[in-house]
Every structure is written in C-alpha cells, then in structure tokens.
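Now for the letters of each chain:
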Amino acid sequence: GQQVKQSSPSLTVQEGGISILNCDYENDMFDYFAWYKKYPDNSPTLLISVRSNVDKREDGRLTVFLNKSGKHFSLHITASQPEDTAVYLCAAGLHQGGSAKLIFGEGTKLTVSS
Amino acid sequence: DMKVTQMPRYLIKRMGENVLLECGQDMSHETMYWYRQDPGLGLQLIYISYDVDSNSEGDIPKGYRVSRKKREHFSLILDSAKTNQTSVYFCASSLGTGGDAETLYFGSGTRLTVL
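Protein sequences appear in the order of chains A and B. Read in the numbering used here, the first sequence has 51 at position 62, and its numbers run on one by one without any break. Position in the second sequence (from 1) plus 1 gives the number in the numbering used here.
Because the hints were derived from the structure by calculation, they are not lab data. Please note that a few of the clues may not be correct.
[Unchecked claim] Derived CB-CB ranges, DEER-like:
(1) 63/B to 40/A: 28 to 34 angstroms
(2) 50/A to 18/B: 43 to 49 angstroms
(3) 102/A to 57/B: 40 to 46 angstroms
By construction, the Cβ of each residue, glycine as well, lies at the ideal position given by its N, Cα and C atoms.
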C-alpha cells in the first residue's frame, strides 16, 4: 500500500490566499518529513523539511506543521502567487545511517489563479 | 557547481532490448537513488546506493538492477525492457552524513519509452 499519501491530486487557490497541502503517512517510525516542488519537465527541488522532534517550522511564506499522533503533515503557503503554481510532493523517511530513505506521495498540483 | 547529470534525456527502446541509464554527480555525495515517476503514483524508489558497491532495493526493484563502481556514478540497468517500464526515471543524490544529509538533489530525468 501507499505509505505516504496525498489525497488531493489538485488544488486551486486565488492569488494572495493561503494554500494548504496535506500529506498522510503510515509508518510511525518515520523521523524526517519534507516538501518538494516540481515544475513541468523539471526535476523536484527541496522546499522545506522538518525532523520528528519539532511540530512546526517556518521559512518565509512556507510553514510545515507536523502532527505525529495523527500521522499527518501539511504545508501552508501564505500570500500565494502565480509562480507558486507547480506540483508539490510530500516525502517522509526513516534515517538509516546518515541517509533517509524517502518515500514520496503522489503529488498535488497547485494552481494559483490571478 | 552542484549538479546531478542524467543521460540520456529521452530514450526509445523496443520490448526485450537492454537499457542503460546513467547518472553522475559532482558533489561527492555518498548516497544515490533511482526513482521512477508515473502519473498518479508520484516518485517510486527503485534502488538506493549508500556508497560504492553498497546497494539496496527500494520499493519496486523487480526488473531493474544497478551498478555503482565509483562514488560519483550510479547506473540503472533494465535487462529485457518491458512496456510497463515506460516512465520518467529520476536519479538523485544526497550527502549521507552531516546537517544536510537528507536533502535530495535530483537530475533532470530520463523519459524512457518502451515500444
């Protein structure tokens, strides 16, 4: 089964609004959580990540919220802009040695309309 | 310049042919990965390599094998390609140790079509 799941394949938000992207995971041993952004015909790039010892991390317009008991994490993008339009991939992983073996969700296509 | 390079960018093969996808990185990263991306399925991990000759199966290894003889180079091999292996293949690398150990740096992808 899908260990990391993004239940919304798409989301449309008005420019200036808040985009909320959600991700659920199954393995409660996961200790690292990340969001990647992907433009069409481009490779994914890391947006923001957290480790399991924090519940929230902010970076500019981006905030990650981690709910370990609910096995859920989310990405909030404030003041959404048309250039935020992309596919957002959540990922969760478990450290094995130094590396984290990351499992990705299916992706959510965010469209910010002006 | 931090870079993950994949070759080729596009590839068309016939069913039953052998396929070699190449990946290189210039960051001396310990860990390298091969993922495939299919519509509605996101990125699925095929193999992970923790260093030279230290490879481990991911979630969908069947039909694939890998080779890592130098730290900077990681190959994905399809022996006798099948039509259901048509996909976009991404290589990635990560530092493996240290503060930025988990961040994956992706190549630009190889779009493989198996006819």
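Outcome of the hint check:
Our hint of 28 to 34 angstroms for residue 63/B and residue 40/A holds, since their Cβ atoms are close to 32 angstroms apart. Look at residue 50/A against residue 18/B: about 47 angstroms separates their beta carbons, and that is inside 43 to 49 angstroms. For the pair residue 102/A and residue 57/B, the supplied restraint of 40 to 46 angstroms holds, since their beta-carbon distance comes to about 43 angstroms.
The structure shown violates none of the earlier numbered hints.
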